[in-house]
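Each chain is listed here by its residues.
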Amino acid sequence: MKRIGIVDTSFSRFDMSASAVDELRKQGGRFAIERYTVPGIKDLAAGAKILFDRGADLVLALGMVGRQPVDKDCALAADFGLQLVQVQEGKHVLGVMVHEEEAAGDAELAELFDRRTREHALNAYDLLFRPEAMTARAGTGQREGFVDAGPLKVRRP
Amino acid sequence: MKRIGIVDTSFSRFDMSASAVDELRKQGGRFAIERYTVPGIKDLAAGAKILFDRGADLVLALGMVGRQPVDKDCALAADFGLQLVQVQEGKHVLGVMVHEEEAAGDAELAELFDRRTREHALNAYDLLFRPEAMTARAGTGQREGFVDAGPLKVRRP
Amino acid sequence: MKRIGIVDTSFSRFDMSASAVDELRKQGGRFAIERYTVPGIKDLAAGAKILFDRGADLVLALGMVGRQPVDKDCALAADFGLQLVQVQEGKHVLGVMVHEEEAAGDAELAELFDRRTREHALNAYDLLFRPEAMTARAGTGQREGFVDAGPLKVRRP
Amino acid sequence: MKRIGIVDTSFSRFDMSASAVDELRKQGGRFAIERYTVPGIKDLAAGAKILFDRGADLVLALGMVGRQPVDKDCALAADFGLQLVQVQEGKHVLGVMVHEEEAAGDAELAELFDRRTREHALNAYDLLFRPEAMTARAGTGQREGFVDAGPLKVRRP
Amino acid sequence: MKRIGIVDTSFSRFDMSASAVDELRKQGGRFAIERYTVPGIKDLAAGAKILFDRGADLVLALGMVGRQPVDKDCALAADFGLQLVQVQEGKHVLGVMVHEEEAAGDAELAELFDRRTREHALNAYDLLFRPEAMTARAGTGQREGFVDAGPLKVRRP
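Chains as they are written, first to last, in my numbering: chain P, 90 to 246; chain E, 90 to 246; chain B, 90 to 246; chain V, 90 to 246; chain R, 90 to 246.
Just chain P, with the same shape it has in the complex:
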């Protein structure tokens, strides 16, 4: 049975894990979920590695990024760690990051957290169980949590 790891943070202002679990369960199928909470986004890579060591086949790494320049450097460091663990393991860590300034107010931000996490949970499910569904979306301008940008075509006369 496949195992999906979820690592989330206490820094985040939204329970992203609940959205991820709910969306994954909606897809049906047989898989186990293991959740693990860390303080902030710079701890996600270690958390993902711990979940892989416990048998995860893919990890969803859920986090929030603040609006200050220092937060952007933290996000870069966090992403660096997520790249390291993925290349070392040969398995996906889908990073789901919501930046504080992406939405105008608390209500809109909460909605963005929920939608983006759910859409990436679907990506995680498809990577493991329906890669052909993932490929069907290739080049279509998907924007998780926002309206999709849509595909471009070359006009041949």
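Keep in mind the hints are simulated off the structure, nothing from the lab. Possibly wrong hints are sitting among the right ones.
Which copy is meant is left open, so a pair is good if it fits within one copy or across any two.
When the alpha-carbon atoms are kept at most 30 Å apart in a straight line, the in silico DSS-like pairs for lysine-lysine are as follows [unchecked claim]:
no., residue 1, residue 2
1, K161, K242
2, K115, K242
3, K115, K91
4, K115, K161
5, K91, K161
Note that the coordinates shown come from a computational prediction; the quantities given were computed from them, not determined experimentally.
Use these hints to put chains E, B, V and R onto chain P, whose structure you have.
Same frame as chain P, now just chains E, B, V and R:
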């Protein structure tokens, strides 16, 4: 038989994989192509590693980069992952990135996606099957998708 | 018996290790603490690796970041190192960084050093001994050393 | 017999490899040169790794960096890759990078390409065959391709 | 017998190695010093790895950073390499970097080179032979080459 991996994204607004496969097929020769789709550019390194684990000799990593500062940090993180996987494997991952702001409108952007991907598909083919063709272009100012910059010469009196 | 490593610096203007040890001891339980001091934040990763080689199960990396642009690049380099060691070891290094400009004066800065270090010492303890306490704080907007930001909720009509 | 690898790019507007080979041959001595061409600077690390796998003792990585911000990010990613391969192999990759904006016009830029590459080819030769010559230049403010900055001395009264 | 490696550069305008060796010898004790010179700061990581492969227990990496933006990116790449080698080896590389713009003129810059290098040579010695001396300086705001910032205390009423 050589194997060429192609990893592309659902974030991209253009089906870069179709351009790559078409251009590779035009070159003739015997090789297999395996395609794998991931959500965005930060997932390309894991996708490339998965394709190497399935036997790829070289991977084309195809992606689109947005116009926001956060997108540029994502591109840096993605590139970092692609460096990691290449050094670990000792094989090429040719990153083909198109930045949203490189073209003035949708039609021009689509053309750029197509041309750049095709020119890098040719690079991939040459690295595997015609390294002498690659060397013949050394120092000639190639600009994939744009007009080449051309070579400079030292003027000796 | 679990072992907690503490690596701190001579660059820092506050004895962060004393706050961490005091807070850890308050939690009770059986664990050993090993402390190791390095010059600055770019030496924390090597110090953490040395502590892991001596048997640590988790490391608290305590440092101060100056206010100049060069200091921010140092912090990024230091964070890269901390990501590397965590992914290599599969264990947490909780980085506790205080930036010089985060507080208005010396007294306020000292208080911030103390509070942030204590709150992360608690995170370290919980990761090792009470992961369910860590999970209980998931998505609640914890801000170590400052007032917490609190959780957001999606309003369902 | 020692082996020197040269990896160059088709992006570069100057045949840096020709300058490197000419300068290396002028030094005399017994060594083999192997050249390998890649598309751009982000492909240099994979190229260097391939040359090490074929037996190189040191690699000269020759490239050109454009003037746009995206080019600077590419250079940073390329440099990360070159650091990775050097630390993994325990051998030098001398990166020779010429930035488009370092010279006022095409003629001057061509001269800079030639001079810098030749001076770094000499560094490569010295690292392998005359380390004492390298040490003799320590602290002397060498500026490959430009006038040297020269040494500073502490004035003791 | 412990072995201290010193890697320095021909780019630097000051013979940092001489200051380091002089200061280390002043401490007395039994240890061997091995020196190795590379072109610039991006070559320090490979130099440090070579010294570790020859038996060094700790490496002092001595370099100068120019004042241009490109120099700052080079410093970041160099630091990244130094993090890599430290985590891989589990040993310290003390990076001693002097930035060109840190001092007002040549005389002052030379003094800064000398003082900072000597203070970090002492750190190196203490890490290997007197870790308790290193710990005694923890949290005291050491600023190698400049006046120390000094410690902060929490005021308890």
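Hint by hint, which ones does this structure get wrong, listed from lowest number up?
-> 4 and 5
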